[in-house]
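Protein chains: 2
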Amino acid sequence: MEKIEFVLPGDIEARSFDIIEEELSRRGIVLNEEQKPVTKRVIHTTADFEYADTMLYSEGVIGYAKNLIRQGADIVTDTNMAFSGVNKKVLADYGGEAHCFMADADIAEEAKRRGVTRASVCVEKALEIDKPVIYAVGNAPTALIALHEQIEKTGRKPALIIGVPVGFVNVVAAKQLILAGDVPYIVNRGRKGGSNVAAAICNALLYQVRKEDQEKA
Amino acid sequence: MEKIEFVLPGDIEARSFDIIEEELSRRGIVLNEEQKPVTKRVIHTTADFEYADTMLYSEGVIGYAKNLIRQGADIVTDTNMAFSGVNKKVLADYGGEAHCFMADADIAEEAKRRGVTRASVCVEKALEIDKPVIYAVGNAPTALIALHEQIEKTGRKPALIIGVPVGFVNVVAAKQLILAGDVPYIVNRGRKGGSNVAAAICNALLYQVRKEDQEKA
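Protein chains in written order, with this note's numbering: chain A, 1 to 217; chain B, 1 to 217.
This is chain A alone, in the form it adopts within the complex (with noise of 0.2 Å):
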């Protein structure tokens, strides 16, 4: 039987991004150094380094996300779930507020009588918000689906789209369709992905953000 070391709570992560660390560079696997931060805690999140070969980046975007984040953007999650994994106090401190409206009574109501998905009344209310939005879809493909459409539709962009659902059904070709398009995105290539990843996600980008700026301090 393994011994149960003995870690302060504290000392838990650091130790297991040392441990994923030397994983990744035993399997001969270089990550690029701006993504690193946000690969590894996506790994940290699932034990399951087959994200270090599927992860996908566009251009650019880690600088351009953490800028989104210093200028205030707000996190819209697609499930309660995301939602209650992003550290909404890291958010709060650089003027950002998370959003789930998928379980409001009203997203039901209006999706009933206009007869269209929770999800796309969920997106449409997301593009209103009157300033940058990071859109990030942990769990349902027809959430990445429903942006597609009213980006196409309305010409309303979120600022940038963390597409990481899971599943069996639409899940790859959902994301195809982001990956496509001209946002700027983080996104899990196959099927994998889930409601833990995108919050994994945020708060990777939230932590770079909050450590940058202790060190610039």
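Treat the hints as calculated values from the structure; they're not laboratory data.
Among the hints, a few may not be true.
Copies of the same chain look alike in the list, so a pair counts if it works inside one copy or between any two.
[What the hints assert, rightly or not] Result set (SDA-like, lysine to any residue): computed pairs, CA atoms no more than 20 Å apart in a straight line: (1) 125 <-> 97; (2) 211 <-> 184; (3) 153 <-> 211; (4) 211 <-> 7; (5) 3 <-> 179.
Since chain A is already given, all that's left is putting chain B on it; use the hints.
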């Protein structure tokens, strides 16, 4: 580029489970009939077939867990993310309630005052609940270790442990503690797991109970 298939939102889940079934069969994996709905829902949540090999169930745990739900057992989770993911409506239909004490102000205060971890104060509080408790751990091995310590120290036990923390430090060892104990368990051995996996296991049990009861009615 893959085409988006038109699948009604309500049909996506059934379709996904069919795809999982086909792929399991193509991989020559035969799951125990009782455990299958749980393992399949975990694969549905993660798109990761590795869980078919690593999910461990104590003898007879599925029938036992379904009876716990029918008796109105509560579910305690270690994180708000897992809490958000549990279907609290179905749980309430059977008289159960979901709890997550982790972010409660009094937990933090008490932990600080006594110089112990928040996880261990949460475990104590959970074991004081005056009805059967399903303890679902998706994030922190610390919660499983605290659970083991409290059981050893007080003899109080949860009715069932869902032990699927994820990570690189003490996760494997913490799961081994639960596997070696005498509380019925559902555990994913190794590093993988997560709050989403913990919620998926709870929901698989809840949906199975509802389905069986609907079929009987």
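Verification of the hints:
In the homo-oligomer, the alpha carbons of residue 125 and residue 97 lie at most 20 Å apart inside one protomer (15 Å), although the nearest pairing across protomers, at 32 Å, exceeds that limit. With identical chains, the CA atoms of residue 211 and residue 184 are never at most 20 Å apart, being 23 Å at best within one copy and 43 Å at best between copies. In the homo-oligomer, the alpha carbons of residue 153 and residue 211 never lie at most 20 Å apart, since the shortest distance is 39 Å inside one protomer and 41 Å across protomers. Within a single copy, residue 211 and residue 7 get their C-alpha atoms no closer than 23 Å, and across copies no closer than 44 Å, so neither meets the 20 Å cut-off.
Proximity of residue 3 to residue 179 under the C-alpha cut-off of 20 Å is restricted to the inter-copy arrangement: shortest distance 14 Å between copies versus 45 Å within a copy.
Of the numbered hints given earlier, the model fails hints 2, 3 and 4; all others are met.
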